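Protein chains in written order, with the numbering used here: chain A, 1 to 393; chain B, 1001 to 1393.
Derived by calculation from the structure, the hints in this document are not laboratory data. You may find that some hints are simply not true.
To be verified - Taking lysine-lysine pairs in the DSSO-like style, the calculated list, with each CA pair at most 30 Å apart, reads:
id, chain 1, residue 1, chain 2, residue 2
1, A, K354, B, K1025
2, A, K360, A, K206
3, A, K206, A, K133
4, A, K25, B, K1354
5, A, K324, B, K1324
6, A, K67, B, K1324
7, B, K1352, A, K324
8, B, K1206, A, K25
9, B, K1025, A, K351
Here the structure is a predicted model, which means the values were calculated and not measured.
There are 2 protein chains.
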Amino acid sequence: MIEQIRGGLTAPLGFRCGTACSGIKNPKATRLDTALIVSDAPCASAATFTSNAVKAAPVRLSMTHLKAGKIQAVVLNSGNANACTGPMGMEIARRMAEAAGDRVGLKARQVLVCSTGRIGIPLPLPRIEKGLKALTLGRTSSRKCARSIMTSDTFPKEISCLVSTANGAFRIGAIAKGAGMIDPNMATMLCVITTDAVVSQPVLRKLLRTAVESSFNRITIDGDMSTNDTVIALANGASGVTPQPEDLLEALDAVTQTLARQIVLDGEGVTKFIAIEVQGARTARDARRAAEAVANSTLVKCAWAGGDPNWGRIMDALGYSGAKLQEDRVQISYENLPLVQDGLAAITPWKKLKSIAARKEFTITIDLALGSGTHTVWTTDLTQEFVRLNLSE
Amino acid sequence: MIEQIRGGLTAPLGFRCGTACSGIKNPKATRLDTALIVSDAPCASAATFTSNAVKAAPVRLSMTHLKAGKIQAVVLNSGNANACTGPMGMEIARRMAEAAGDRVGLKARQVLVCSTGRIGIPLPLPRIEKGLKALTLGRTSSRKCARSIMTSDTFPKEISCLVSTANGAFRIGAIAKGAGMIDPNMATMLCVITTDAVVSQPVLRKLLRTAVESSFNRITIDGDMSTNDTVIALANGASGVTPQPEDLLEALDAVTQTLARQIVLDGEGVTKFIAIEVQGARTARDARRAAEAVANSTLVKCAWAGGDPNWGRIMDALGYSGAKLQEDRVQISYENLPLVQDGLAAITPWKKLKSIAARKEFTITIDLALGSGTHTVWTTDLTQEFVRLNLSE
Chain A
1 MIEQIRGGLT
11 APLGFRCGTA
21 CSGIKNPKAT
31 RLDTALIVSD
41 APCASAATFT
51 SNAVKAAPVR
61 LSMTHLKAGK
71 IQAVVLNSGN
81 ANACTGPMGM
91 EIARRMAEAA
101 GDRVGLKARQ
111 VLVCSTGRIG
121 IPLPLPRIEK
131 GLKALTLGRT
141 SSRKCARSIM
151 TSDTFPKEIS
161 CLVSTANGAF
171 RIGAIAKGAG
181 MIDPNMATML
191 CVITTDAVVS
201 QPVLRKLLRT
211 AVESSFNRIT
221 IDGDMSTNDT
231 VIALANGASG
241 VTPQPEDLLE
251 ALDAVTQTLA
261 RQIVLDGEGV
271 TKFIAIEVQG
281 ARTARDARRA
291 AEAVANSTLV
301 KCAWAGGDPN
311 WGRIMDALGY
321 SGAKLQEDRV
331 QISYENLPLV
341 QDGLAAITPW
351 KKLKSIAARK
361 EFTITIDLAL
371 GSGTHTVWTT
381 DLTQEFVRLN
391 LSE
Chain B
1001 MIEQIRGGLT
1011 APLGFRCGTA
1021 CSGIKNPKAT
1031 RLDTALIVSD
1041 APCASAATFT
1051 SNAVKAAPVR
1061 LSMTHLKAGK
1071 IQAVVLNSGN
1081 ANACTGPMGM
1091 EIARRMAEAA
1101 GDRVGLKARQ
1111 VLVCSTGRIG
1121 IPLPLPRIEK
1131 GLKALTLGRT
1141 SSRKCARSIM
1151 TSDTFPKEIS
1161 CLVSTANGAF
1171 RIGAIAKGAG
1181 MIDPNMATML
1191 CVITTDAVVS
1201 QPVLRKLLRT
1211 AVESSFNRIT
1221 IDGDMSTNDT
1231 VIALANGASG
1241 VTPQPEDLLE
1251 ALDAVTQTLA
1261 RQIVLDGEGV
1271 TKFIAIEVQG
1281 ARTARDARRA
1291 AEAVANSTLV
1301 KCAWAGGDPN
1311 WGRIMDALGY
1321 SGAKLQEDRV
1331 QISYENLPLV
1341 QDGLAAITPW
1351 KKLKSIAARK
1361 EFTITIDLAL
1371 GSGTHTVWTT
1381 DLTQEFVRLN
1391 LSE
């Protein structure tokens, strides 16, 4: 049984965290921009990173640290992504891990690093070093951590749960920040998950990959993929409870899916949350192509912004998706109302379809009737407000 | 030597055309919506069609006719795309070819058909049949033809040239209509080219493919690809002049590139024309991926709308394009001003870059420095006006 509890990152036993106003963007600012999360004991650790070929320095550093050591801390900052910063950026990321390690008596390689914010600008390391020295670690700062990594997000994203299993109860907590590329460059999807469950590193890595696949890898707001995207899971075993892998996966799913949803709903200029469920594709890959083509079509997304249950644009997107398609087999429905039947306009009254497209949330089901491939994507509308927010820095 | 002349489609000898107000959308309307283009003699013919798996009935019919016969006429309509209309749509397209053929004493299979406008709605055939009977063919209606196929276009697109070669002079003319998916569904890129040059069908087909590759296949406005896109070339040989293939290609390039440019500039809500020139990619395919990722990035296009010479979003798009990339080799420039050098922000004063990004037209050159692959794409900014225009039907 999964029950929501308070505490965020520090709901699980044996984790502490703290934040600071390092003044990364502006030394005089009093905005939280630095966070440190520490486990009392070494953790089984797992992470997934952006597949963008242009990877920020902290991503490349964290990939190395993850391979090497027993991770015990994560340091994060907003205001500067330390991306496209060359060898100097790598050196700064390394020193940031070192400063975080020094603060809590760990080696640099036991620390993962996440940065988000402006790209191509040197990260002012001394300010972060000062911020890290000043911060207080405790068990009440998770929400402030969630706040400190916000960029264009309008609310902090946090969740924590108590998970009761046949083997005993453990806790899981997480913070995240959303996508939407801004200021003037890219923001980033970041997520840190803590748990006091006992789990081996290989199992945690496998479960995290699976959970990310059906949460963060399902969401698309602007179709762009950041240089800094990172999801980290740390399991310190402090509960002494070893859950069945399926129980831990269920907990990871609950946490990552809740946060992924929050990220979509908090996307720039977003007014709608839309699930695209493709079924009956020849292969799973085809299903993914079809779902992503529809979810990323500028024109389909504009229609949703206007509350228009447009089907021509959806058929068109399916047509160029690269998925195998037989036009006269395609079935599309908004919630349970048929929109397209056998490739032709369904007889559902337009007014009924419009009333669904006017909702803040709805699901579109697309059946290609060619096989058993399925894939779901969560997407949004595309509004004038989104364009306005992204006109420039 | 290529010299622009008057006459459009009927600048070449032996072509006539005419238009009608068939009232396709509204029987009472007086808007031109039907066009017929006829050659006095059978033509060498070539065409390229949308690669969308969802192909409109007229596209499928024209593909068949092109394979079978000596094409001598093209019938076009706006107001209804006859797409996603099932077997009935095919029958209507066939009858439309028949009606056009009857009008000028040709067999249905000698006629190609193009439709653009709303999708999923039965095309009112009797109205077109009536329109075709009423129209007058002559050598002064090319501009009206260009006007009759407009949907969201704001101006008719037409060009004609006199081409003087060592073998003698011939003429080439063309009309086109633009992209931008509208009303409520998709519009379409259509282009009909006429020439009185003597050319064999295989050569014309090869040359048209080449010309389309560096014109219409280079443009992207909204990243969506219509169900109806068609480019047709008819060569009736009436000049008696057989140009060298390179001379005919030059003429085709001049005509298609001019129209492609006009289409981009007339895109919905477009305020800028931007050429993305990728060079130094590992392969031509990589160059294309890189250019298209940048040209289609919602965030990059929003930045241009704001006159922001954003480079982070461009690096990001290159990173996820799938093209092989080495971050520290990437060079990007706006016109001749370096924006990114060796993957890092160039030292060019930002003010200078902004003055280029503020222009109505500029070229961005991206050198991946990994090989000799090149590709150019013409694209636009993405404005609030575009979203507004596409909110619904």
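Proposed proximity, K25(A) with K1206(B) (alpha carbon, max 30 Å): violated (57 Å)
K360(A) paired with K206(A) [C-alpha distance capped at 30 Å]: violated (34 Å)
Under the criterion that the straight-line Cα-Cα distance not exceed 30 Å, is the pair K354(A), K1025(B) satisfied? holds (22 Å)
Within 30 Å, alpha carbon to alpha carbon, are K206(A) and K133(A)? violated (35 Å)
Does the alpha-carbon distance linking K25(A) and K1354(B) stay inside the 30 Å limit? holds (22 Å)
CA of K1025(B) to CA of K351(A), is that 30 Å or under? Answer holds: K1025(B) to K351(A) is near 21 Å, not above 30 Å.
Do the alpha carbons of K324(A) and K1324(B) lie within 30 Å of each other, as the hint requires? holds (27 Å)
Run the distance test for K1352(B) versus K324(A): straight-line Cα separation, threshold 30 Å. With Cα atoms ~48 Å apart, K1352(B) and K324(A) exceed 30 Å; violated.
Measure nothing beyond the straight line between the CA atoms of K67(A) and K1324(B); if it is 30 Å or shorter, mark the hint as holding. Satisfied, since the Cα-Cα distance of roughly 24 Å is no more than 30 Å.
Figure legend: structure checked against the earlier numbered hints; hints not met, in rising order: 2, 3, 7 and 8.
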